[in-house]
Amino acid sequence: MEYIEWAEFEKVALRVGTIVEVTDFTEARKPAYKIKVDLGPELGIKKSSAQVTANYTKEALLGKQVICVTNFKPKQIANYVSEVLITGFPDAQGNVVLAQPASPVANGAKLF
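For the record, in the sequence shown the residue sitting at position 46 is 46 according to the UniProt record's numbering, with numbers rising by one throughout.
Note that these hints are calculated values from the structure, not bench results. Keep in mind that the hints are not guaranteed to be accurate.
Think about it this way: if two alpha-carbon atoms lie no more than 27 Å apart in a straight line, the pair counts; the simulated DSSO-like pairs of lysine-lysine are [claimed, not checked]:
hint: 1; residue 1: K73; residue 2: K30
hint: 2; residue 1: K110; residue 2: K36
hint: 3; residue 1: K58; residue 2: K11
hint: 4; residue 1: K36; residue 2: K47
hint: 5; residue 1: K30; residue 2: K11
hint: 6; residue 1: K46; residue 2: K110
hint: 7; residue 1: K47; residue 2: K64
hint: 8; residue 1: K110; residue 2: K73
hint: 9; residue 1: K46; residue 2: K64
hint: 10; residue 1: K46; residue 2: K11
hint: 11; residue 1: K64; residue 2: K110
hint: 12; residue 1: K30; residue 2: K64
hint: 13; residue 1: K75; residue 2: K30
hint: 14; residue 1: K110; residue 2: K75
Put together the whole structure using the sequences plus the hints.
As structure tokens, this is what we get:
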């Protein structure tokens, strides 16, 4: 493992947001959803693509709070531009389990 300095960690903008819209991403090479996340008044609603179809239905995702990296450059994925990265961990089968706060917090709150 390579160690980093605190200043390097502070460069990563990890913010919490609430999923407000989920649609199928049929153009993606791997099964995925197009997701819109409300990241509060400062950042607004941002788009993301997430390969979470193995563990989550569209309906189950609505209203969930998730932790996002908000300061990556936008990334073109097929015909969609992903503006934030929704974070997660692999389960035993390698499918994504979303990283979430244990209790509700304000959209846009920064992880520290």
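- Hint numbers contradicted by this structure: Of the numbered hints given earlier, those the structure breaks are 3 and 5, listed in rising order.
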